[in-house]
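Quick note, the sequences are listed as chains C, S, B and A, same order.
Position 146 of the first sequence, counted from 1, bears residue number 146 in our numbering, the numbering being contiguous throughout.
Position 329 of the second sequence, counted from 1, bears residue number 329 in our numbering, the numbering being contiguous throughout.
Position 210 of the third sequence, counted from 1, bears residue number 210 in our numbering, the numbering being contiguous throughout.
Position 53 of the fourth sequence, counted from 1, bears residue number 53 in our numbering, the numbering being contiguous throughout.
FYI, nobody ran anything at the bench for these hints, they're computed from the structure.
All figures in this text were calculated on a predicted structure; none of them were measured in a lab.
Any copy will do: because identical chains look the same in the list, a pair fits if it lies in one copy or spans two.
Using 27 Å as the maximum straight-line C-alpha spacing, the simulated DSSO-like pairs for lysine-lysine come out as follows:
#1 K264 - K139
#2 K226 - K336
#3 K226 - K253
#4 K3 - K41
#5 K264 - K253
#6 K3 - K307
#7 K139 - K160
#8 K253 - K160
What follows is the residue order along each chain.
Protein chains: 4
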Amino acid sequence: MNKVRIGSVGLGRLGLRHAENIASRMQNAELAALCDVDKSKLEETADRLEVRRRFTSFEELIACKDIDAVVLVSPSALHTKQIAAALAAGKHVFSEKPLGVTVEECRQAEKAVEAHPDLVFMLGFMRRFDESYQYAHDKVAAGEIGRPVLFRSYSQDPEKFIQGAIAFAPHSGGQFLDMAVHDIDLARWFTGSEPETVYAIGGCYAHPEFAQYQDGDNVSCLMKFKNDCMVFLFAGRTAPHGYNVETEIIGAKGILRIASVPQKNLVEVLDEHGVRKECSENFLERFDTAYVNEVQEFVNCITTGRKPAVTVYDGKRVSEIAYVCKSAFEQGVLLKF
Amino acid sequence: MNKVRIGSVGLGRLGLRHAENIASRMQNAELAALCDVDKSKLEETADRLEVRRRFTSFEELIACKDIDAVVLVSPSALHTKQIAAALAAGKHVFSEKPLGVTVEECRQAEKAVEAHPDLVFMLGFMRRFDESYQYAHDKVAAGEIGRPVLFRSYSQDPEKFIQGAIAFAPHSGGQFLDMAVHDIDLARWFTGSEPETVYAIGGCYAHPEFAQYQDGDNVSCLMKFKNDCMVFLFAGRTAPHGYNVETEIIGAKGILRIASVPQKNLVEVLDEHGVRKECSENFLERFDTAYVNEVQEFVNCITTGRKPAVTVYDGKRVSEIAYVCKSAFEQGVLLKF
Amino acid sequence: MNKVRIGSVGLGRLGLRHAENIASRMQNAELAALCDVDKSKLEETADRLEVRRRFTSFEELIACKDIDAVVLVSPSALHTKQIAAALAAGKHVFSEKPLGVTVEECRQAEKAVEAHPDLVFMLGFMRRFDESYQYAHDKVAAGEIGRPVLFRSYSQDPEKFIQGAIAFAPHSGGQFLDMAVHDIDLARWFTGSEPETVYAIGGCYAHPEFAQYQDGDNVSCLMKFKNDCMVFLFAGRTAPHGYNVETEIIGAKGILRIASVPQKNLVEVLDEHGVRKECSENFLERFDTAYVNEVQEFVNCITTGRKPAVTVYDGKRVSEIAYVCKSAFEQGVLLKF
Amino acid sequence: MNKVRIGSVGLGRLGLRHAENIASRMQNAELAALCDVDKSKLEETADRLEVRRRFTSFEELIACKDIDAVVLVSPSALHTKQIAAALAAGKHVFSEKPLGVTVEECRQAEKAVEAHPDLVFMLGFMRRFDESYQYAHDKVAAGEIGRPVLFRSYSQDPEKFIQGAIAFAPHSGGQFLDMAVHDIDLARWFTGSEPETVYAIGGCYAHPEFAQYQDGDNVSCLMKFKNDCMVFLFAGRTAPHGYNVETEIIGAKGILRIASVPQKNLVEVLDEHGVRKECSENFLERFDTAYVNEVQEFVNCITTGRKPAVTVYDGKRVSEIAYVCKSAFEQGVLLKF
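Isolated chain C, as found in the complex (with noise of 0.2 Å):
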């Protein structure tokens, strides 16, 4: 079997890092080429993982007819019109989330995904590929704790990196598209089911800066799913401990709760502040492993003809759920789907 080609796409920390997770952490695929508009940065990465190729004009990387597959972590902005670039140029497609910046965009992405059914698309929930949530969501699926009374999700980013939050504030489209998209994919996920009500509420409790964006530094939604689950997502960026992504599942006969300690690994501390567990610091040490399964399930599916469980549909409904809640939030009102 040949090895899947990939070219990626974006330098940033999460582009970095899964160029380096294909370098050396993937089966059954090489990391090809590189494209970035830094070029010093490009180079140096390049030179770094012993890549070849580099580009500093996407057009030019899905021009090479060396290049099996695109993985996009460039900016949102940037997604659907690329996606759709490289979909036309024969090459098999993940992008990092979001699917597009607007439900317009998402749309237009499921058309060109839908438009060529033998290429490979698909989204980087990369919760969906975390160990944890694969253990819980298998026990969900076998029916273990019964039919999904009320599911609960939290993402919270430490406050030790506000202040780039606070930089990235005017683009990242408010908490609820930037950060409960992955609550929202989870809870379609676990659920089986759709929203049908949201009502959204916060506020800028530690940081008024985030006002100006009609965004809050922490807020919530209460939702009605349609099967009646409740859904209950919270999103901060003032966590004292941590980076925390934690998720519950209360069913009719038992409960699940993933990660209620965003523990860092299993040393427990004993000294003057008690007894403790030390935290996450962000989504690359969280996720380390996600990240990883992600895109190898990329790769498999590509070597195998299969196609993957997260789909350019889910993108566009998270998405468009998002919009929904944040929309529920600036007009404080309650909202039907």
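Keeping the supplied structure of chain C fixed, place chains S, B and A upon it in accordance with the hints.
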């Protein structure tokens, strides 16, 4: 200092516990009389607890000169009438929750209490007297976690008591009045604020019997408080693991979780099920000490001339809020306070 | 039933606590007299607890006809003499540990107790009356974990009380006698067996002051019991996190751990130190209820004519064992019992 | 940089895992050859992992010019001979533990390694490459917990694999050699010291089959190290809850616990058994990443010319210590080193 002579009214499960506590676990108090309509239970209990004065009539109890105070653990529908009568008879009054079964009743109770400023009236929101809740409240009050961002509180009864819950359903008033009142009280106590809006959902996920009373077996609500604190409450009757009362207060600078594992004690079991903690079975087990503490505080207020921190106004306000939650749930709408 | 009239002897920290407990947290008992050589402390405490009979002389106390029982919390060196005298005066006796400061003293106490089979004698091994230890013991006794394989028990005092420990070092008898006696008692209680061999080590890891008394600031021993159960005990005075008393019983079919986190209460703090539980500060906090329960059991034995499960023989045997551990430690050898 | 071409020897359970890891989870390495006496297993595995060079003869493998290094996961009795032969053939050598089955063998291996200072030799003490153990070791090395007081380490295999353990008993060398070697290595690594005395006990608590080999199903030992650190090790084959490897290091200023709950992942289950974490099933699950890391470190040493921190001396020394523990256990005496 003379002991406060208490007449305890009602010998149901909690009433019996209060009577036993007053008889043997209280300072500066004595169980001077017992009152219950069930004469055989009354005699049996009074014999066991060595109480001489025994009444099947509440009116006769409060006419008794050798009683300083009454503890009401009678059926909810009798509370307001008994409160008014006891106060009129010059007795200090401790009443179990709820204050009354309608808001109108609560207002009458409020008037009765206001008409007797010389007497102590206290309502039984026992969670405020649990050492863990008190410890957390002290930290919040001291500013240790900063401004409150999200207050989340669960009240879950074990599935194994579901038959009792179904039998009581016609009289419970629904989960917001029956269970969530404690969480509403905590939310007001911890945030020092009042609700502004509420959206409530839920349903019958396992036991359709509750639907005929416009109730669910699991319900939740999201409230925005006047200080912008987000408040998420969940009440359920199908907890698989035990009696689960847990609360989380996310502040801008720190987070507290109270009883996120409703552990029965400090024993950890390692067996074929993994590493586990067994859970509290019911409210009497979980709040054993809190039930003592609250009546002790009532007694201390009488002996020292203080007024309790839990007022009749708290009782009325919590009922008002619970009724609005109930309406929001029944109508499926967003309501403002 | 008449209340058991108790004279409490010794008003140090634990003595004061016992006196307060008897005064207000006990059924069928009353604090009838107090005895301490420090007259001002005696008067102050007796005033506060409303105790009329006050003695600076132990002999006068036991001569008092209105006392049924004594609770001895006097200096260890006085225990055996006071036990014998009180029994001779016809009083029931509860004595705090240790039974005596030498094995010979313990044997004399044993004889005194045997000479008064009509009187109740009980020794204060309070851990047996802690609800978590009782819960675990019930499981072990019921065979739930199978045959005991390894019994591990820690007694750690917080570093922050080290100055007190150093000051008390000349009189403590060393850690095996001062601290590990509780663990030795638990080992015998849980395994139902007796030690056969012991190897003990340790030293002064932070505080060389203990060396002059042939003691260490941290010590441990490994014992083989007659039923082949392995017993590992650790006693330390430098715990950074609080007062840590934990026990693990590994059985052939299951494992129990008691208080592996010496959590102060059910509050979990999430802050810059991670996710943490604050710890108990001292024995009075950790064993608050156990101290009530043990004296209540003493009272119940008196009122019902039962004999306590903790006997004078247990006290003597534990002292004998602790002395052998101490010898093994001091000589650096393996000893047989 | 050319990839290190590795020949992997032995395709038992762990051998297979190493082969798979080298094939797909390693940087700068390739699985260049496989060797096993079972030809059908060899062919099947080599086909699956796409390895062209296949050997049923170890001698032929090391004669192959296209191999830079060997990874030995062969039967323990072959280790020292194969180490010497591979080194003599100019190959770098990674050997799984134990170094040899007798101390004499270990010494021969040591000589062979010393005779080839230009080649990399590394022993597979994988726990040192587990991220939690590394994290803890960094803290200890940085002085965060102060002087080591007590080192406690458990190695427990699940009861459910007992039949395999019984079958392997004639060849295992007993629990000190088979299991406790890892804990001995950790004790030396964490304390930076060597044992001075040891007392060891244990027995057959559930499975008398081990007695005929002078082994037990559960054993323990207490050692005094030269730096006065107390070291308590426990090894058992009857763990009810899973594969339990846990370590505690009590320092004079802080305490660390590694994997005190051998949790499978971050999922917590709340059901009729309480609140629980499911446990790792075996060493391959618990140390999955560590097995990758250790071989990666071997490869990195080869490519960078470094020498591994785990040396042949460590392997010899650990074997010497384990043999003394075994003797102490068999004779029931205290031994000095």
